[in-house]
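Asks: Chains as they are written, first to last, in my numbering: chain P, 1 to 312; chain Y, 1 to 404.
By construction, these hints were calculated from the structure, which means they are not laboratory data.
Check each hint, because a few of them may be wrong.
Stated by the list, open to error - Chain Y side only, calculated, beta carbon under 10 Å to chain P, not exhaustive:
1. Q35
2. F91
3. P253
4. E257
5. T264
6. Y268
7. R270
8. G297
9. D338
10. G340
As the list claims (entries may be wrong) - Distance condition first, Cα-Cα at most 20 Å in a straight line; then the derived SDA-like pairs of lysine to any residue:
11. K44/Y - Q11/P
12. K9/Y - E10/P
13. K9/Y - E137/P
From the three backbone atoms N, C-alpha and C, an ideal C-beta is built for every residue, glycine too.
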Amino acid sequence: MSEDVTAALEQVVENVTNGVSPSEADVAQLVGSPDLIALGMAADVVRRRRHGDRVTFVQIVEAPLGAALPEGPLPAQTGELRVTGRPESDAVAVGAIRAAVACAGVVPVTGFSFADLDDLSGHNVGRLAKLLSALREAGLAQLGEVSAEGLQDPDAALALLRDSGLVAARLTLGAATGTVGLSLMRQVASWHGVGEVCRCLAPLPRVAPSPPSTGYADLRQVALARLLVDNIDSIQVDWALYGPKLAQVALTFGADDVDAVPVAGAKEQGWRRSPGEVILRNIAGAGFTAVPRNGRFEAVDVGTGSERHAGR
Amino acid sequence: MSVESIASKVRSGGRLDRAEALSLYADAPTLLLGQLADTIRRRKHPARDVTYIIDRNVNYTNVCVARCAFCAFYRPVGSDEGYVLGFDELFRKIDETLAVGGVQVLLQGGHNPDLPLEWYEDLFRAIKARYPDFKLHALSPPEILHLSRLSQEPVPAVVARLVAAGLDSVPGGGAEILVDRARRLLNCESKATADEWLSVMRTVHQAGLRSTATMMYGSVERPDERIEHLYRLRELQDETGGFTAFITWSYQPTNTELGGVEATGVEYLRTLALSRLVLDNFDNLQASWVTQGGKVGQLSLAYGANDMGSVMIEENVVRAAGAEFCMDEAEIVRNIEDAGFAPKRRTMAYDILGGPLFRERDIPRRTELAVARRSGDTHVPAELAQYPARSRPGKQQRDAVSDS
Ligand code: SF4
Chain P
1 MSEDVTAALE
11 QVVENVTNGV
21 SPSEADVAQL
31 VGSPDLIALG
41 MAADVVRRRR
51 HGDRVTFVQI
61 VEAPLGAALP
71 EGPLPAQTGE
81 LRVTGRPESD
91 AVAVGAIRAA
101 VACAGVVPVT
111 GFSFADLDDL
121 SGHNVGRLAK
131 LLSALREAGL
141 AQLGEVSAEG
151 LQDPDAALAL
161 LRDSGLVAAR
171 LTLGAATGTV
181 GLSLMRQVAS
191 WHGVGEVCRC
201 LAPLPRVAPS
211 PPSTGYADLR
221 QVALARLLVD
231 NIDSIQVDWA
241 LYGPKLAQVA
251 LTFGADDVDA
261 VPVAGAKEQG
271 WRRSPGEVIL
281 RNIAGAGFTA
291 VPRNGRFEAV
301 DVGTGSERHA
311 GR
Chain Y
1 MSVESIASKV
11 RSGGRLDRAE
21 ALSLYADAPT
31 LLLGQLADTI
41 RRRKHPARDV
51 TYIIDRNVNY
61 TNVCVARCAF
71 CAFYRPVGSD
81 EGYVLGFDEL
91 FRKIDETLAV
101 GGVQVLLQGG
111 HNPDLPLEWY
121 EDLFRAIKAR
131 YPDFKLHALS
141 PPEILHLSRL
151 SQEPVPAVVA
161 RLVAAGLDSV
171 PGGGAEILVD
181 RARRLLNCES
191 KATADEWLSV
201 MRTVHQAGLR
211 STATMMYGSV
221 ERPDERIEHL
231 YRLRELQDET
241 GGFTAFITWS
251 YQPTNTELGG
261 VEATGVEYLR
271 TLALSRLVLD
281 NFDNLQASWV
291 TQGGKVGQLS
301 LAYGANDMGS
311 VMIEENVVRA
321 AGAEFCMDEA
331 EIVRNIEDAG
341 FAPKRRTMAY
351 DILGGPLFRE
361 RDIPRRTELA
371 VARRSGDTHV
381 PAELAQYPAR
391 SRPGKQQRDA
401 VSDS
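The whole structure should be built from the sequences, with the hints applied where relevant.
Replies: Here it is as structure tokens:
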């Protein structure tokens with residue numbers, strides 16, 4: 001890379017530092033450059049402006065549809081009980097949430113994707129609205145995800161969510177990466193009110209692409225999401241999908257929330273190697289302050305036992 | 001001195017002292033460290049080439065008397081799980097390595113009291129007789145020291161004998177942290193003190209061989225001791241210029257006596273970047289994808305590394321401690337190109353051999369690394385009967401081999 005290109009990138013970073021939103025030309029400059037660090041620096045400035053040195057994370061217990069729910073009280077560090085899978089009918093969906101809520105106690109229950117529920121409703125807006133309301137009444141704290149990739153009519157979908165009183169835990173880009181991902185991020189950035197019904201943007205692919213994505217590609221996508229999508233407050237990375245190491249590095253490239261830190265394994269691996277300890281160490285090691293949250297994105301205490309749930 | 005003024009010093013080509021290095025390591029933002037390391041990498045390698053080597057990491061024995069507290073690989077003398085590879089097994093591994101375009105074997109093993117210096121000499125001669133152009137990158141400084149103690153010959157004489165038998169270069173293993181306080185805690189001071197490790201390397205360089213250097217961080221050492229390690233290497237490199245490359249990796253705690261937790265990915269990138277800044281007289285820094293995984297391994301290229309290390313083919317030591325990542329040549333090349341670099345195949349001495357070999361000829365894809373021996377394979381090589389053993393279990397084993 002020539003010195004000229006480096007100087008141009010440094011100028012972009014400086015502009016962002018001074019509060020100037022990156023222009024199309026700036027973004028093109030950052031995207032086209034192999035200088036990953038410059039891209040990270042620009043994203044980090046924006047991220048720190050929004051969140052300071054705070055990084056939130058949630059520890060979850062998964063409840064796959066059709067499987068037995070956990071017996072007894074959930075472990076104290078559980079921030080969310082997540083129902084996973086694709087329901088076969090409205091009744092199955094609502095029943096699963098009711099059962100999960102009964103099991104979860106004060107722990108928020110989340111689950112399902114907008115696309116799956118839309119399929120289940122036969123793409124009928126009225127039926128979908130009824131199903132969303134029924135799920136909320138059954139105790140669903142937040143919808144699991146909305147995929148930007150699959151949305152035919154984003155405005156209508158966001159309006160439907162708003163009217164149902166449900167918020168989605170995350171907007172994802174589905175499997176979109178590279179230039180497709182970039183163009184989808186630009187579209188999301190133009191969606192009015194998306195930040196009110198989607199708590200965060202999870203920009204990395206939800207299913208492992210083949211060949212697998214690379215570290216550069218993942219971090220580029222995280223950083224660009226932070227730079228381009230300023231109508232969603234949080235950028236999220238997934239511990240379970242991407243692993244603790246990449247999730248940690250992504251915090252220095254614009255991410256501010258870590259999803260899906262498992263609760264399981266805490267006992268089996270010993271205290272220092274339990275996921276809860278690892279995530280605290282990882283966040284501190286990346287230079288940030290860890291804030292545990294629950295499935296409603298409310299901060300909870302770091303303590304153990306009932307203390308942990310005091311904030312809910 | 002503030003972080004910003006130290007950063008300016010780096011940008012203008014100044015040499016960091018220990019206090020400045022420690023200050024950067026403790027206080028500089030990770031991205032700034034990366035930016036500075038990348039500046040130095042670009043200065044040293046303006047062509048945007050990233051190199052790698054096709055070789056095989058073979059551990060000829062896992063029997064070891066050193067008993068390092070951080071090691072999950074070794075087995076004590078007399079263990080049912082102890083092994084020594086036979087010459088034929090090693091030849092087979094070299095044949096497989098040649099078939100995928102490999103140019104050398106990285107041969108390291110435990111400090112086995114029942115393998116005398118003559119065994120190594122015979123092995124090296126036999127390899128060179130069969131494969132005259134194939135390179136032997138073998139025996140880290142503690143292994144050489146072990147052979148010196150075992151044979152009661154001084155290190156320069158042992159090195160001379162090994163070179164005469166075919167040794168081409170020396171891997172930088174066994175350095176761990178070159179500070180004796182940490183080495184004592186790791187129970188590896190007796191295998192080689194910091195001074196001894198450096199002294200063996202000096203001898204190797206004086207004998208005309210090149211070597212690599214390593215650092216295993218993240219176990220018991222303090223940050224200032226990591227930095228001390230880097231300065232000890234820098235000083236020897238100033239003196240001899242014999243190191244071709246530096247590789248750092250994080251301590252892998254699984255299945256070890258020491259236990260504990262692994263350092264994080266960010267800590268790896270910070271340590272790598274700092275190494276690039278301190279080791280200003282090292283041309284090459286390798287990414288440790290074997291311990292960090294492919295993704296953070298690739299990110300090393302943004303944090304000062306200019307080399308993806310070895311395609312590996314086989315790995316036993318890190319796997320024993322819980323890390324198991326595999327990248328064949330095609331995958332390494334994909335990662336290099338994805339990061340915007342040009343992949344170049346190299347030798348241990350960093351002579352460029354060409355572009356990706358799999359684009360020139362058909363090489364089967366590989367999704368997992370081979371192991372030294374399949375589990376349950378307990379056979380004892382027949383040629384061991386020719387060499388005297390020192391331990392009682394070793395002597396009994398030799399007798400059994402001779403009888404059969
Ligand atoms: S690190 Fe090497 S010297 Fe130490 S116990 Fe393991 S095999 Fe032996």
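Asks: Could you run down the list of hints and mark each one as holding or not?
Replies: Taking the hints in turn, this is what the structure says about them:
{"no.": "1", "hint": "Q35", "verdict": "5 Å, holds"}
{"no.": "2", "hint": "F91", "verdict": "34 Å, violated"}
{"no.": "3", "hint": "P253", "verdict": "8 Å, holds"}
{"no.": "4", "hint": "E257", "verdict": "15 Å, violated"}
{"no.": "5", "hint": "T264", "verdict": "4 Å, holds"}
{"no.": "6", "hint": "Y268", "verdict": "8 Å, holds"}
{"no.": "7", "hint": "R270", "verdict": "9 Å, holds"}
{"no.": "8", "hint": "G297", "verdict": "7 Å, holds"}
{"no.": "9", "hint": "D338", "verdict": "5 Å, holds"}
{"no.": "10", "hint": "G340", "verdict": "3 Å, holds"}
{"no.": "11", "hint": "K44/Y - Q11/P", "verdict": "24 Å, violated"}
{"no.": "12", "hint": "K9/Y - E10/P", "verdict": "18 Å, holds"}
{"no.": "13", "hint": "K9/Y - E137/P", "verdict": "62 Å, violated"}
Hint compliance for this structure: hints 2, 4, 11 and 13 are not met, and every other hint is.
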